[in-house]
Amino acid sequence: QESQASGLPEYIKIVEVGPRDGLQNEKVIVPTDIKIELINRLSKTGLPAIEVTSFVSSKWVPQMADHKEVMRGIERHPGVQYPVLTPNLQGFHSAIAAGATEVSVFGAASESFSKMNINCSIEESIEKFEEIAKSARNMDIPVRGYVSCALGCPYEGNIIPAKVAEVSKRLYSMGCYEISLGDTIGVGTPGSMKRMLEAVMKEIPLSALAVHCHDTYGQALANILTAIQMGVAVVDSSVAGLGGCPYAKGATGNVATEDVIYMLNGLGINTGVNLYTVMETGNFICTALNKKTNSKVAQASFNTGTIH
Amino acid sequence: AFPKRVKVVEVGPRDGPPPEKNVVPTAVKINLINMLSETGLQVIEATSFVSPKWVPQMADHTEVMQGINKLPGISYPVLTPPPKGFQAAVAAGAKEVSIFGAASELFTKKNINCSIEESLERFDEVMAAARAASIPVRGYVSCVLGCPYAPPLSAAKVAEVSKKMYSMGCYEISLGDTIGIGTPGSMKEMLTAVMKEVPVGALAVHCHDTYGQALANILVALQWVCLPPPLSVVDASVAGLGGCPYAQGASGNVATEDLVYMLNGLGIHTGVDLQKLMDPPPFICNALNRRTNSKVSQASCRL
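Protein chains in written order, with the working numbering: chain A, 1 to 308; chain B, 309 to 611.
With the rest of the complex left out, here is chain B:
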């Protein structure tokens, strides 16, 4: 009923800093990524080549990309928003990139002031350039289980956007419950629709824990598939870094530690050493002057 292996995609260094109150110094970001590289994680999203005008937290993307130790066997994807993100990323040494779409028209309109169709067209150039340079592209779909602005989304719409991004050439589609409102039933319904359009081997889930539902939703995503290959890619963020910009004070990303704890308990192989994974959280929480969002970390700190 469960996959034997799950690939954990660590998004803490990229998804984490922007909502944080304090600007994270470049050296801290680099150190965090280097520490994560020692834990067995195979994919660590390093930064975002977004204009500092929009996300000042990521202004040091080039320095971070050039400053980290890139260990063999580990992938360090970066976000590449149009128009200039891709070139800058490649110039800084990126070997994998990510692009963003959304399943909600209203969300897209409010966020980047265009329709979903237009937003994806803006990535056409990126896809062409990535293909020419043999650089893999990961696609994110936001709001798959609900949108902060619109009424409930249809699973069919999520499937449509996912299919579009997959046919554009994304090797993997990460389905994001952006505001964390999903529950196991809506997760199952959404995946059923998406799996009709995109091979399950190319799917990942990116669950936010804003309403405490993340692990239950992830559990259902992993157990739902009965046919091989099962869904087996899950995004998470060390220490649960990265709040929810839509609900002030609420949490956002699911904590990598809590995810790995659950997968370990299920006997699912991740390659991640949970003990080693307990090192980066106190470092980054100290640097950010904040508490961890990981329950495993809270429970394990018998100081």
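Only chain A is shown next, with the shape it has when bound in the complex:
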């Protein structure tokens, strides 16, 4: 196996964040039925995890106001996880009532980002998440933890790897089964990715780590490659690269699932995902949103009519 010979993981779990992280950052409000159809189509591609929605107040994120309807409206395929964001205990209970069986919490490695984004300090946010984690534990609900600004902050600039490690450790110790390290503004490069992962890997087992790279500066695939060379085996991405960057007007955000899978396929790494059906799904949502895809693979393939 090519992947074995190169020291790369044999299998990589792709966590699809398009319906939540992607749509949340799109300008157009997407109708509920379109969201549901998007998720149903993604469920048929082989993706093992699809982040459905966010149980956040519609006052803050109007795009996710229909969280209950979406949660109740989707088809759940066996073997596919459908996590949802829960910023606080209220959101958590609301999610469970709507049928959620996995939740995510969002921390940050930057105090300024934490204050600006969720209006509290990192410590205060951790306390809120601990409440969620405790309830989740009692109900056997897995919790995924995100750490934003892992490679840089729009307000503070550089973030030291030790801080990322510290926040990651807090989330892991409270019971998060997986920690997704997010390059929120996409400023990271392979060197900073490596240094950050080295620091975090001292505190968290490799098998519990994921990377969530934004492609704002075109660095996402190079950063993901670096992460998987170090043994990380979970990668977040967004179909059609949905979701711009709220911090850089006109810039792109999430890395496109299609482009990630193309690279992993080329490396002989198994993902269980059918690239073609993901591209078709990307085509569907872009048509619905009346926008061009951010996936280069989709751009190239739909124009030649061939998939390599």
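Since the hints were made in silico from the structure, they are not lab data.
Everything numeric in this text was worked out from a predicted model, so none of it was measured.
Where a beta carbon is used, it is the ideal one built from N, C-alpha and C, also for glycine.
Treat the hints with care, as some may be off.
Computed footprint of chain B on chain A, listed as stretches where at least three residues anywhere in the stretch have a Cβ under 8 Å from a Cβ of chain B [to be verified]:
{"no.": "1", "segment": "122-134"}
{"no.": "2", "segment": "205-217"}
{"no.": "3", "segment": "221-227"}
{"no.": "4", "segment": "264-271"}
The calculated lysine-lysine pairs, modelled on DSS-like cross-linking and capped at a C-alpha distance of 27 Å, are [stated by the list, open to error]:
{"no.": "5", "chain 1": "B", "residue 1": "K472", "chain 2": "B", "residue 2": "K329"}
{"no.": "6", "chain 1": "B", "residue 1": "K496", "chain 2": "A", "residue 2": "K13"}
{"no.": "7", "chain 1": "B", "residue 1": "K496", "chain 2": "A", "residue 2": "K292"}
{"no.": "8", "chain 1": "A", "residue 1": "K194", "chain 2": "B", "residue 2": "K496"}
{"no.": "9", "chain 1": "A", "residue 1": "K291", "chain 2": "A", "residue 2": "K27"}
{"no.": "10", "chain 1": "A", "residue 1": "K291", "chain 2": "B", "residue 2": "K329"}
{"no.": "11", "chain 1": "A", "residue 1": "K291", "chain 2": "A", "residue 2": "K59"}
{"no.": "12", "chain 1": "B", "residue 1": "K417", "chain 2": "B", "residue 2": "K329"}
{"no.": "13", "chain 1": "B", "residue 1": "K312", "chain 2": "A", "residue 2": "K194"}
{"no.": "14", "chain 1": "B", "residue 1": "K418", "chain 2": "B", "residue 2": "K378"}
{"no.": "15", "chain 1": "B", "residue 1": "K403", "chain 2": "B", "residue 2": "K472"}
{"no.": "16", "chain 1": "A", "residue 1": "K194", "chain 2": "B", "residue 2": "K403"}
Using the hints provided, position chain B relative to the given structure of chain A.
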């Protein structure tokens, strides 16, 4: 694991215009090259002395070559297709030239209607004349990671063609993923084969970003070599100019800005000032009435 320095070969002015819909005026081309000359780039491919019958976009090659400010310390290579390209280039003041080969027989046949062997023989005269005039020649090998017409190529074939061009006298061989389909694994495999035949110090990579793989492929090309001297020459195009003629609407060249951003982040010295490099893209994109393909430029335009 990485080289300390990387030489960035800017191919925008030459590789960029031909696939563009609008003909680029001579003055715009000259201005673009002059702006690029201010950024710290050491090599800027200026134009192609190809017959305007084949590539009308490059019909003004002599005017461009004679019109640009040639700054000391910067090399301005030009493409010189046979039969007359070389003489015309030298007459116009060129001090370095480039020739093209391909690793795919089918590609060569479809493109210039002969075999790879024959295509290289056509350059024999150019090599002899260049040697006599002490003009360095750079060799390009196309389709190193895949061909638009043929099934997957063997790395051995790429190595064979590279070796041939190197022994003909090319000082550097630029390995081109012409349709951008390569991924880090196939890049590594290809380089392993080529490095057996051509010294790594004479190698460059020319990655297209058609499938978004360019920076990942470049990363692997730079990190693969453990023994000095490492592979340390990378081609790129300002604003990612130059689409892919084989996939309509798809992108082609990797953007110089995005490449330099990555190399800066890795602490690799290029001599290029990324801030200064942000000037030519809005100029040329405006002139061409098109958007940039560079993500760094898109992110940095906080208008």
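Legend entry - Given hint B:K329 paired with B:K472 - CA-CA distance at most 27 Å: violated (35 Å)
Legend entry - Outcome, coverage of the segment 122-134 of chain A by chain B - at least 3 residues whose beta-carbon is closer than 8 Å to one in that chain: Result for this restraint: violated, n = 0.
Inset, instruction - Three residues minimum, CB to CB under 8 Å: does the segment 264-271 of chain A make the cut for coverage by chain B? Let me know. - result: The restraint on the segment 264-271 of chain A holds, since 4 of its residues have a Cβ under 8 Å from chain B and three suffice.
Legend entry - A:K291 paired with A:K27 [C-alpha distance capped at 27 Å]: Holds, at roughly 11 Å.
Inset, instruction - Could you grab the alpha-carbon distance between A:K291 and A:K59 and see if it respects the 27 Å cut-off? - result: holds (26 Å)
Legend entry - Given hint B:K472 paired with B:K403 - CA-CA distance at most 27 Å: holds (23 Å)
Legend entry - A:K291 paired with B:K329 [C-alpha distance capped at 27 Å]: holds (22 Å)
Inset, instruction - Below or equal to 27 Å on CA atoms is what counts here, so check A:K194 against B:K403. - result: Status violated; Cα separation ~42 Å.
Legend entry - 27 Å limit on alpha-carbon distance, applied to hinted pair B:K496 and A:K292: violated (32 Å)
Inset, instruction - Measure nothing beyond the straight line between the CA atoms of B:K417 and B:K329; if it is 27 Å or shorter, mark the hint as holding. - result: With a Cα-Cα distance of about 26 Å, the restraint between B:K417 and B:K329 holds, given a limit of 27 Å.
Inset, instruction - Could you grab the alpha-carbon distance between A:K194 and B:K496 and see if it respects the 27 Å cut-off? - result: This hinted pair holds, its Cα atoms lying about 20 Å apart.
Inset, instruction - Starting from B:K496, check that the Cα of A:K13 is at most 27 Å away, please. - result: holds (24 Å)
In summary, the structure is inconsistent with hints 1, 5, 7, 14, 16 from the numbered list given earlier, while agreeing with the others.
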